[in-house]
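Asks: Could you put together the complete structure from these sequences and hints?
Numbering (the numbering used here), first residue to last: 1 to 179.
Every clue listed holds true.
Restricting the straight-line Cα-Cα distance to at most 30 angstroms, the calculated cross-link-like pairs of lysine-lysine (DSBU-like) are:
(1) Lys6 <-> Lys42
(2) Lys149 <-> Lys120
(3) Lys112 <-> Lys149
(4) Lys5 <-> Lys168
Across the chosen pairs, the derived CB separations fall in these ranges:
(5) Gly143 <-> Asp54: 29 to 39 angstroms
(6) Tyr57 <-> Glu31: 14 to 24 angstroms
(7) Gly4 <-> Met133: 36 to 46 angstroms
(8) Lys137 <-> Met1: 35 to 45 angstroms
(9) Thr36 <-> Ala171: 13 to 23 angstroms
(10) Lys26 <-> Gly143: 25 to 35 angstroms
(11) Gly50 <-> His97: 33 to 43 angstroms
Derived from the structure by calculation, the hints contain no laboratory data. All values derive from a computational prediction rather than experimental measurement. For every residue, glycine included, the Cβ atom is placed at its ideal position computed from N, Cα and C.
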Amino acid sequence: MLSGKKVLMIIAHENFRDEEFVVSYKQFLGEGIDVTVASTEKGTATGMFGAAFDVRYSLDEVNEADFDGVVFVGGMGTPSVRASVRAVEIAKNSVNHKVLSAICWAPTILAKADVVRGRKVTVWLGDDPEYGMKTSKVMENAGATFVNKDVVSDGNIVTGNGPNAAEKFAAAVMEKLSD
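Replies: Here it is, written out as structure tokens:
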């Protein structure tokens with residue numbers, strides 16, 4: 001059990017990837033982790049396939065120093081989170097002191113925060129319209145080594161490549177939290 005550990009999960013207000021959030025959230029709660037969910041705004045956040053979650057905290061209302069881990073959830077809404085100065089700041093402030101994790105398209109938030117240089121990472125393989133290139137190239141341009149695996153852990157950073165990796169991703173995050 002990981003009771004006493006605190007995790008901040010960050011989801012897009014619209015179009016987060018349902019499985020990546022729901023599977024991880026349930027696994028964390030099942031291990032006794034205290035989970036706080038935040039987004040770019042408060043209110044009902046909706047997933048790409050209809051999942052809904054009542055977000056009680058905006059990113060401006062959370063202090064990453066209060067948590068043992070930070071989890072960025074992916075999905076089509078990832079660019080809206082990546083556009084948040086506060087989301088990028090949370091990643092920057094967490095890289096040296098927390099378990100910092102991201103799944104699907106969300107590892108590009110870590111790339112924007114410049115916290116993956118010299119690290120091995122994975123990411124959902126697809127086109128990133130904002131950068132005009134494949135997501136793997138976004139990660140490489142940020143100084144990371146892209147590894148085409150479901151889940152990659154390097155130091156305190158855990159990355160997952162998409163919804164099919166959600167269970168393994170959550171397990172890897174919990175493993176790091178127990179270190």
